[in-house]
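Using the sequences provided together with the hints, build the complete structure.
So the protein sequences, as listed, match chains A and B. Heads up, the first sequence is in the working numbering, so the first residue is 305 and it goes up one at a time. Heads up, the second sequence is in the working numbering, so the first residue is 1345 and it goes up one at a time.
No lab work stands behind these hints, which were simulated from the structure alone. Just so we're clear, the structure is a prediction, and the values are computed from it rather than from any experiment. Heads up, none of these hints are tricks.
Computed far set for chain A versus chain B, every beta-carbon distance over 10 angstroms:
(1) Q367
(2) P373
(3) A394
(4) P507
(5) A581
Covered stretches of chain A (in silico footprint by chain B; criterion: 3 or more residues with CB under 8 angstroms from a CB of chain B, positions within the stretch not fixed):
(6) 426-437
(7) 456-467
(8) 542-551
Just the calculated beta-carbon pair ranges, DEER-fashion:
(9) Q1535/B with A487/A: 52 to 60 angstroms
(10) S492/A with R1621/B: 38 to 46 angstroms
(11) G550/A with W1365/B: 47 to 55 angstroms
Glycine is no exception: its CB is placed at the ideal position from the N, C-alpha and C atoms.
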Amino acid sequence: MATVTVPRATASPPRGDRRGARRLTRTAGFGLGLAMTWFSLLVLIPLAAVVVKAAGGGWTTFQSVLTDPGTLVTLRFTILTAVGVTLLNAVMGTLIAWLLVRDAFPGKRILDLVIDIPFAMPTIVAGLVLLALYGHEGPLGIDVSGTKLGVVLAIAFVTLPFVVRAVQPVLASLETDVEEAAASLGASRWTTLRRIILPSLLPAITAGASLSFARAISEYGSVVLISMNARGVEVMSTETYRYIEGGDTAAAAAVAVLLLVIALVTIIVLDVLQRRAARRG
Amino acid sequence: MADASSATRTSPRRRTSAGAWVVRAIVAVYLFLLVLWPTAVLFRGAFADGLGTITAAIADPDVVHALVLTGQTAVLAVAINLVFGLGVSLLLVRYDFFGKRVLSWLIDLPLSASPVVVGLALLLVYSPVYGWFGPGLREAGIEVAFAMPGIVMATCFVSLPLVVREVVPVLTELGDDQEQAARSLGAGGWQTFRRITLPGIRWALVYGLVLSLARSLGEFGAVKVVSGHVIGQTATATVAVESAYQNNNTEQAYAIAVLLVLATVLCLVVVAILHTRDAREKG
Chain A
305 MATVTVPRAT ASPPRGDRRG ARRLTRTAGF GLGLAMTWFS LLVLIPLAAV VVKAAGGGWT
365 TFQSVLTDPG TLVTLRFTIL TAVGVTLLNA VMGTLIAWLL VRDAFPGKRI LDLVIDIPFA
425 MPTIVAGLVL LALYGHEGPL GIDVSGTKLG VVLAIAFVTL PFVVRAVQPV LASLETDVEE
485 AAASLGASRW TTLRRIILPS LLPAITAGAS LSFARAISEY GSVVLISMNA RGVEVMSTET
545 YRYIEGGDTA AAAAVAVLLL VIALVTIIVL DVLQRRAARR G
Chain B
1345 MADASSATRT SPRRRTSAGA WVVRAIVAVY LFLLVLWPTA VLFRGAFADG LGTITAAIAD
1405 PDVVHALVLT GQTAVLAVAI NLVFGLGVSL LLVRYDFFGK RVLSWLIDLP LSASPVVVGL
1465 ALLLVYSPVY GWFGPGLREA GIEVAFAMPG IVMATCFVSL PLVVREVVPV LTELGDDQEQ
1525 AARSLGAGGW QTFRRITLPG IRWALVYGLV LSLARSLGEF GAVKVVSGHV IGQTATATVA
1585 VESAYQNNNT EQAYAIAVLL VLATVLCLVV VAILHTRDAR EKG
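And the structure:
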């Protein structure tokens, strides 16, 4: 299976496991210094610059950007889209994982491959692909560019694999005896599903869904061709980009900080979930 | 793709129920409308007149420039990620130091940071006009933003965690008994690494690298912001796709897109093959 950027939601032990860890030697200390220098120059200092820039304009810039009616519309649309698409993924992703693990039908390998398509595509190509069918030159004669539906499609496309790839291994490792026991005790299929299977899948679904949410909030490439900067269908990333191009880096930084906070919270939630799942065994 | 979990665990089921048919139908319609049909239309458009669209695109020097720039950037970014990813993985798994847990969180941040935010962050530090270090670097004759180094940095940023994510679990699972044994028998640090550690993690390392190559080839948002996206100079292949589409040159956009997808698919096929081989070696 070509797993791409989906982390094993519950399979791998959390990082920083104590086993075999020891104190730094001189060489390792030097390596750590070098790695941290590069990491700082590449990631930490630039991210700090965003925060400083956002704070530097004083609370007022931050406040004026975030209370700007246009930004509020964008913010609401971005979050609603992300929540909606994530719920859609939670349902569809679980169903797809179910088919991949428990069902047998010809063409299953193809289904497995199709799930990887969104990861194999650069984001800008994902947008282009959707416009090829649903754009103004498409064979269907409908045009989703500049519409909310178009943005939802783009984000659903790029986040498709997250829940599938998170649930698939967990479902595969689930023993069927408990289900069979439940069935033999007279539980209906629905009861078995609700009482036995869904609870054990829930951590994996949540993990996949939070990844999908984080991606949906921050998505840019697949949306840019479709939203065409039309008013009301902008997402936070395209708005940030508009501010950057307009030279208003303070406003861009304010929106960026918001995006970063959401990203960080998602990572922490995911880490906590993973640790809890690992502890439960 | 030859995943044991999906292939062999199909439990002996009772005859397919009505519910299963409904699920199959829903999934089939959903994936057809969302993924398969659109992808097919793009490919049909790109190959409508055989290889004509693609050869026409390659005849354009700006397109060639964009493709070459993307290739160079990807190779450099992958090389940097190899050194950094390997080093950080070893540190995270084998050593204890202050702030380890925080580092392990921060490493993942690039995966969920919006590409536009990544671009903005780099500009705020390396822009020759208003960046923290940019003006100083420019005086020293080093252009970072709006030039190749900036593009490489943006690409490194977004693909940074991929190697670490692959290598860390394998390294943890491996344990360090063998390494300690080697060391107690008098092997030096480098010898232990080359003879014991590296063979144990080589497949994980290779997956990480191929995944980071695929990600590097496809990066768009961060590169677009940092590069200033000047066609024929700092535009990468993905940026060229966007500008071709916006200039109503849909065919050229399709052609570059298809080339990018094929390159990425090639990467993922390599990963799949390695995965199978790895599983066979372990099994």
